[in-house]
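S.K.: Okay, here's what each chain looks like letter by letter:
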Amino acid sequence: MAYNPFYHNDRDGEVQVFRKLIRLETKFMASEGYYQNDKIASFRQFALSYIEEISRCEQFDAFVPYLAMNYFDRFVSRHRVPKIARSYMENTKLFVMCCLTISWKMRMKSFKVKLFQFQRSLAFDEKDVMRMEFRIIKSLQYEMRSLTPISFSGYFIQLISCPPLSRCLKPQFV
Amino acid sequence: MDYLIDTMDNKYEQLETIGRGNFGEVYKCRDREKNTFASMKRILFRYQDDGVPGSVIRGVALLKELDHPNIISLLDVLDDEKWVDLVFEYLEMDLWRFMGTYPRIGKDPNLTKSFLYQILSDSYRILHRNLKPRNIMVDVDKKIVKIADYGLARPVDAPVAFTYQVLSPGYKAPELLIDAKYSTPVDIWSVGCIFAEMVTHHPLFNGQCEHTAIMEMFSLLGVPNVETWPGVTSLGINLSNPEALVSGVRRSLSDVVKGLEPTGIDLLAQMLCLNPCRRITARDALIHAYFRNA
Chain F
1 MAYNPFYHND RDGEVQVFRK LIRLETKFMA SEGYYQNDKI ASFRQFALSY IEEISRCEQF
61 DAFVPYLAMN YFDRFVSRHR VPKIARSYME NTKLFVMCCL TISWKMRMKS FKVKLFQFQR
121 SLAFDEKDVM RMEFRIIKSL QYEMRSLTPI SFSGYFIQLI SCPPLSRCLK PQFV
Chain X
1 MDYLIDTMDN KYEQLETIGR GNFGEVYKCR DREKNTFASM KRILFRYQDD GVPGSVIRGV
61 ALLKELDHPN IISLLDVLDD EKWVDLVFEY LEMDLWRFMG TYPRIGKDPN LTKSFLYQIL
121 SDSYRILHRN LKPRNIMVDV DKKIVKIADY GLARPVDAPV AFTYQVLSPG YKAPELLIDA
181 KYSTPVDIWS VGCIFAEMVT HHPLFNGQCE HTAIMEMFSL LGVPNVETWP GVTSLGINLS
241 NPEALVSGVR RSLSDVVKGL EPTGIDLLAQ MLCLNPCRRI TARDALIHAY FRNA
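Chains as they are written, first to last, in the working numbering: chain F, 1 to 174; chain X, 1 to 294.
Bound conformation, chain F alone (with noise of 0.2 Å):
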């Protein structure tokens, strides 16, 4: 089941479930002090743009590099990022398309690494690819399932009497 993340309020949106939902949201927020970092900030700024560019893509799915920013801050703010490319720059990089490649893979079955780095002429090392993922998963203890504002959105727009989500705004599933 690719991650949707409207799925955790299809219940109705009983308060119960937006009590869990403000429980659980914590674990997948960045540690505090984080955005008042400056040294990171010009990191995240650098982060954001090169996902802008190289999530570019046909039936863009803004989740996606949501979704990766979320695991970057997430990773960021409590781990050092692992030194697996060579050099610093390219290091980097790595990092932050995995991050990407990562978030992707949660929301497209079908999503394949080596076809996206060749469409954008990226030439990560697969073996690098490989391990770059495996350490942001595992310090993210496998929890990829990101509970997000975008979480709540379904109990607030039934507060305001809306349509229904799906006919006003229809996430594509894949």
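Keep in mind the hints are simulated off the structure, nothing from the lab. Predicted model only: the values in this text are computed from it and were never measured. Treat the hints with care, since some could be wrong.
With a Cα cut of at most 35 Å, we get these calculated DSBU-like pairs of lysine-lysine [unchecked claim]:
no.: 1; chain 1: F; residue 1: LYS138; chain 2: X; residue 2: LYS258
no.: 2; chain 1: F; residue 1: LYS83; chain 2: X; residue 2: LYS34
no.: 3; chain 1: X; residue 1: LYS181; chain 2: F; residue 2: LYS112
no.: 4; chain 1: X; residue 1: LYS64; chain 2: F; residue 2: LYS112
no.: 5; chain 1: X; residue 1: LYS142; chain 2: F; residue 2: LYS27
no.: 6; chain 1: X; residue 1: LYS11; chain 2: F; residue 2: LYS112
no.: 7; chain 1: X; residue 1: LYS82; chain 2: F; residue 2: LYS114
no.: 8; chain 1: F; residue 1: LYS39; chain 2: F; residue 2: LYS127
no.: 9; chain 1: X; residue 1: LYS11; chain 2: F; residue 2: LYS83
no.: 10; chain 1: F; residue 1: LYS20; chain 2: X; residue 2: LYS181
no.: 11; chain 1: F; residue 1: LYS138; chain 2: X; residue 2: LYS11
no.: 12; chain 1: F; residue 1: LYS109; chain 2: F; residue 2: LYS83
no.: 13; chain 1: X; residue 1: LYS28; chain 2: F; residue 2: LYS138
Quick list of the computed label-pair ranges, beta carbon to beta carbon [claimed, not checked]:
no.: 14; chain 1: F; residue 1: LYS83; chain 2: X; residue 2: GLU33; range: 27 to 33 Å
no.: 15; chain 1: X; residue 1: LYS82; chain 2: F; residue 2: GLN45; range: 32 to 38 Å
no.: 16; chain 1: X; residue 1: VAL256; chain 2: F; residue 2: ARG19; range: 40 to 46 Å
no.: 17; chain 1: F; residue 1: THR92; chain 2: X; residue 2: LEU235; range: 51 to 57 Å
no.: 18; chain 1: X; residue 1: ALA289; chain 2: F; residue 2: TYR34; range: 25 to 31 Å
no.: 19; chain 1: F; residue 1: LYS27; chain 2: X; residue 2: ARG250; range: 51 to 57 Å
no.: 20; chain 1: F; residue 1: PHE60; chain 2: X; residue 2: ASP255; range: 58 to 64 Å
no.: 21; chain 1: X; residue 1: ILE144; chain 2: F; residue 2: LYS27; range: 38 to 44 Å
no.: 22; chain 1: X; residue 1: PRO109; chain 2: F; residue 2: SER31; range: 50 to 56 Å
no.: 23; chain 1: X; residue 1: ILE144; chain 2: F; residue 2: SER31; range: 35 to 41 Å
no.: 24; chain 1: X; residue 1: THR233; chain 2: F; residue 2: TYR34; range: 54 to 60 Å
no.: 25; chain 1: X; residue 1: GLU92; chain 2: F; residue 2: GLU52; range: 51 to 57 Å
no.: 26; chain 1: X; residue 1: ARG250; chain 2: F; residue 2: SER110; range: 46 to 52 Å
no.: 27; chain 1: X; residue 1: PRO103; chain 2: F; residue 2: ASN4; range: 43 to 49 Å
Beta carbons: idealized from backbone N, C-alpha and C, even for Gly.
Position chain X against the provided structure of chain F, taking the given hints into account.
M.R.: Only chain X this time, still in chain F's reference frame:
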């Protein structure tokens, strides 16, 4: 088999192979430190050039979210660059073997009630599609049942082409058999079949193919019509001659599921409602009168 030893971190001692599928193998192993048993499912990566397989990332992430006393829990994930090992809590007995091994204890009405309650209390959380006695593990000492049927947690892998044809239709809801749209009610149906089987120790439906399974259902529960199941005519069953869709002598649920108290029969009938929209939900089933004196 030498390679097993170093990748298992020496944390687990491999004992014997307990399952095999196209994903890899399942071993029974012993946690050296805690001196407890665990089952370890090794998933071999088919491709080396695609990073960590998406199915593994999604599957483990899903298992991480499930934390329930009636679900077999994921204890550990060990990885190599060519495979991952998923370590699960180990229970030797499944419900099918339990009923065969302990015919008398297994028929205790209070135990049946308790097991049913436990299965239901978990089952509205996720869609299984494949609940059956072999996928429900039993902790005999603690009288606890645990479902072992979550994607990667499945002890034996589903065939690559996951279609109803290749699986025994005995526990499959009618809407699955006729290939209609389905959702969580399919699990309630399966739990209903398991409920009946816990009472009688015989499968409720034996159907060897979808057709005979459908006939068995209709013979026991009546042929649906547009009133009991609006939209049923568009599902591809020819209902113009209802008599052709039933076989044998008409029997009622209480004839077939002998020994079950009347409130139990009522709950069972609601779980085996042919129309999935009118089938009882897990939430309502848990507050049914059958459980009142539990």
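S.K.: Does each hint hold? Answer for all of them.
M.R.: Going down the list of hints, with the structure as the test:
Taking the CA atoms of F:LYS138 and X:LYS258, the gap is about 52 Å. The hint is violated against a cut of 35 Å. Restraint check for F:LYS83 and X:LYS34: the C-alpha separation of about 34 Å stays at or below 35 Å, so the hint holds. Between the alpha carbons of X:LYS181 and F:LYS112 the distance comes to roughly 30 Å, so the proposed pair stays at or under 35 Å and holds. The suggested pairing of X:LYS64 with F:LYS112 holds, with an alpha-carbon distance near 24 Å, which does not exceed 35 Å.
With a C-alpha separation of about 32 Å, the suggested pair X:LYS142 and F:LYS27 falls inside the 35 Å cut-off, and the hint holds. For a cut-off of 35 Å, the pair hint linking X:LYS11 to F:LYS112 stands: about 33 Å separates their Cα positions. With a C-alpha separation of about 17 Å, the suggested pairing of X:LYS82 with F:LYS114 holds against the 35 Å cut-off. Of the pairs offered as hints, the one joining F:LYS39 and F:LYS127 holds, with about 30 Å between alpha carbons and a cut-off of 35 Å not exceeded.
For the suggested pair X:LYS11 and F:LYS83, the alpha carbons sit about 27 Å apart, so the restraint of at most 35 Å is met. Proposed proximity of F:LYS20 and X:LYS181 is supported: the alpha carbons are some 30 Å apart, at most 35 Å. A hinted pair counts as satisfied when its Cα atoms are at most 35 Å apart, and F:LYS138 with X:LYS11 qualifies at roughly 18 Å. At roughly 28 Å between alpha-carbon atoms, F:LYS109 and F:LYS83 fall within 35 Å of each other, so this suggested pair holds.
With a CA separation close to 24 Å, the supplied pair X:LYS28 and F:LYS138 stays within the 35 Å bound. Roughly 31 Å separates the CB atoms of F:LYS83 and X:GLU33, a value that falls within the hinted 27 to 33 Å. At roughly 37 Å, the beta-carbon separation of X:LYS82 and F:GLN45 lies within the given 32 to 38 Å, and the hint holds. A hinted range of 40 to 46 Å holds for the C-beta pair X:VAL256 and F:ARG19, which are about 43 Å apart.
Look at F:THR92 against X:LEU235: about 56 Å separates their beta carbons, and that is inside 51 to 57 Å. Under the hint 25 to 31 Å, the C-beta atoms of X:ALA289 and F:TYR34, about 53 Å apart, miss the expected range. Range check, F:LYS27 to X:ARG250: Cβ separation about 55 Å, and the 51 to 57 Å hint holds. For the pair F:PHE60 and X:ASP255, the beta carbons lie near 60 Å from each other, so the given range of 58 to 64 Å is met.
Distance hint check for X:ILE144 and F:LYS27: the Cβ-Cβ separation is about 27 Å, which falls outside the suggested range of 38 to 44 Å. A hinted range of 50 to 56 Å for the beta carbons of X:PRO109 and F:SER31 is consistent with their spacing of about 53 Å. Distance hint for X:ILE144 and F:SER31: a CB-CB separation of about 37 Å, consistent with the stated range 35 to 41 Å. The beta-carbon spacing between X:THR233 and F:TYR34, approximately 59 Å, falls within the hinted interval of 54 to 60 Å.
Between X:GLU92 and F:GLU52 the Cβ separation comes to about 52 Å, which falls inside the hinted range of 51 to 57 Å. For the pair X:ARG250 and F:SER110, the supplied restraint of 46 to 52 Å holds, since their beta-carbon distance comes to about 49 Å. Taken as a hint, the range 43 to 49 Å holds for the pair X:PRO103 and F:ASN4, whose Cβ atoms sit roughly 44 Å apart.
The structure fails to meet hints 1, 18 and 21 from the earlier list, while all remaining hints are met.
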